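A.B. asks: Residues per chain, in single letters:
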Amino acid sequence: MSECVLQAENLSKHWGGLKALHEFNIKFYDKSLHSIVGPNGAGKSTLLNILCGTYPATKGVILYKGNNVTGLKSYQFCRKGIGRSFQKTNIFKASTCLENCCIAAQQRVGGSFNLFKSRQSSQFIKQIASDALAQVGLSGRADTVASAISYGEQRQLEIAMVLATDPQVLLLDEPMAGMGHEESLTIIELLKQLKQRYCIVLVEHDMDAVFELSDLMTVMVDGQHLITDVVDNIRANPLVQEAYLGNDDEVF
Amino acid sequence: MSVFSTKAEKVFILAFFFIALGVPLFFNENTFYVNKISTMLILSIFVMSLDYLVGKTGLISLGHAMFYGLGGYLFAIMVPEYEEVNFWIYTFYVMAASSVIALIVGLIVLRTSGIYMIMITLALAQMTFYFFADSTEYGGLDGLFIYLKPETSIFGLNFLDLDNETHFYYLCLLSLFNCYVFFKITLQSRFGRVIDAVKENPERATALGYNIFHFRLVAYVLSSSLAAYAGYLFSLQYGFVNPTMMSWEVSASALVMAILGGLGTVFGAILGVFVYESLHYGIEHMTQYWMFWMGSLIIVMVLTLKSGIAGLVEKLVTGKRK
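As they're listed, the protein sequences go chains R and S. Under my numbering, the first residue of the first sequence is numbered 813, with each subsequent residue one higher. Under my numbering, the first residue of the second sequence is numbered 7, with each subsequent residue one higher.
Chain R on its own, in the form it takes in the complex (with noise of 0.2 Å):
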């Protein structure tokens, strides 16, 4: 197995009274496809906004590459290299899908406090961007306005603009939620050739899709860590079918 970058250890998120997240050990490893999946409510986005700064932990740490950056704020675990995509589809709507990524690139690249430079006149900053669209396939859309392309191809916009900020780690939320067969399709190969370079850590439904991508699956179960293994143990263990069908059998 290839290095470990991301880590948790003994992460807790407590709403009140609600342990979302509780005492949750895991390691995510480079080069390599980790999906999360469990009922709903079982904490797997709660999970994903901790690891990316969104909420703060209320219990444990998160090692990236040996470094604690638990404190961090939210916007400093991007520049580390920790990118996530949403679960809604969230875009800059009103730009070309260009320049969604343009955004997104500026970022890595810097000079954002600039106000006299010309936001066309980077040519890296292009580049990067088209290298990004390419990656997803969207590079016919450059041009095009982001809320006039398809459901689709915003999901794929959304990891496109991930892709410019030049991460190391992938969080992805669902990003198949709400897509046709055909298009689940273009992000699983998409998602094949991402995992080759980076880490990914997926949240995802599609349970045919998760079988085919990961390399390892987690099983989460109200907050906590059921069971860590390769996909073809998962699929076996009684134990996951219980939590996932329940362990009444007259209803079926």
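Bear in mind the hints are in silico, worked out from the structure with no lab data behind them. Bear in mind that the values here come from a model prediction, so they are computed numbers and not experimental data. Don't be surprised by glycine CBs; every beta carbon is placed ideally from N, CA and C. Heads up, a few of these hints could be off.
[Said to hold, decoys possible] What follows is a set of in silico ranges between Cβ atoms, one per label pair, in the way DEER data are often shown:
no.	chain 1	residue 1	chain 2	residue 2	range
1	R	Asp943	S	Lys42	54 to 62 Å
2	S	Phe10	R	Tyr1056	54 to 62 Å
3	R	Ser959	S	Met297	34 to 42 Å
4	R	Asp943	S	Thr118	35 to 43 Å
5	R	Asp955	S	Leu322	26 to 34 Å
6	S	Asn41	R	Tyr963	53 to 61 Å
7	S	Leu180	R	Gly923	25 to 33 Å
8	S	Gly317	R	Asp955	20 to 28 Å
9	R	Gly952	S	Leu20	31 to 39 Å
10	S	Asp148	R	Ser959	50 to 58 Å
11	S	Lys312	R	Asp943	37 to 45 Å
12	S	Asn41	R	Gly952	54 to 62 Å
[As the list claims (entries may be wrong)] Here are the simulated EDC-like cross-link-like pairs (lysine to aspartate or glutamate), alpha carbons at most 20 Å apart as the crow flies:
no.	chain 1	residue 1	chain 2	residue 2
13	S	Lys42	S	Glu171
14	R	Lys1007	R	Glu835
15	R	Lys885	R	Asp978
16	R	Lys900	S	Glu143
17	R	Lys843	R	Glu1024
18	R	Lys892	S	Asp169
19	R	Lys900	R	Glu986
20	S	Lys42	S	Asp169
21	R	Lys892	R	Glu821
22	R	Lys885	S	Glu209
23	R	Lys905	S	Asp169
24	R	Lys1004	R	Asp1034
25	R	Lys900	S	Glu209
26	R	Lys871	R	Glu835
27	R	Lys1007	R	Asp943
28	R	Lys905	S	Glu87
29	R	Lys905	R	Asp842
30	R	Lys1004	R	Glu986
Fit chain S to the given chain R structure using the hints.
C.D. replies: Same frame as chain R, now just chain S:
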């Protein structure tokens, strides 16, 4: 890349500054109108700075007149009473001082946004208003007088006389032009790219690694210091400052002018001011109940013109070309 965002903007700006250049020649013997239009030009700078904040950065302030008033007060307080000072040096002083104040105020008010920011900017502006209204040192409600207008020589060259209405008019016109170009350049810069992003989707901008607080703060300081510059020009024109300049009515009517002109269009601020002020002047002379008619007209205009008068100009210009 062109400074103009749309064809309508290009047509309007070129036409406006071309006509404006000729105004003093047209009103040769009537300095009343030249003065009146100078005031509108000053007001345009103020409303433009507010539009930069509200329409472009997405921060709604109901206390922007605080900086307008402060610009005047800062000058009146700093200037020695019976001594002629240099205009350019004091412009720098006023803008530097107001930037520092804006930075401190920004650190407080930008912790909030939306409705809370409206409340806190209003509260701060009212505090400043009553501070000056109640202070004996700064003249209370009567304010302060500026006895001597500054001289304007640069390296011994003196080509501008602030006591001369026409000269002052051109100073205001030049200031508005510079202000417009400055705002447009910053909006098209790399900074402007982030400002666009922060306005449209602050959550996403944060997730992409931008500290949106810093960007809002810079925009706030830029906007506020130019509002102060407008107030400084106003105090020079009339030779006094008083707390009314920073009353909440001034903030609110500036907001109305910005919305009327077309929020977020920058050049719409000029339209908003000239239409509002002309209507005000015109209706005031016709009827005692001008506020009623004025209010009704504004309601009609806001309801029918969705993107302000700038949107109407847009329609006229693009319609003509089809």
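A.B. asks: Under the constraints set out in the numbered hints, which ones does this structure not fulfil?
C.D. replies: 14, 16, 18, 23, 24, 28 and 29
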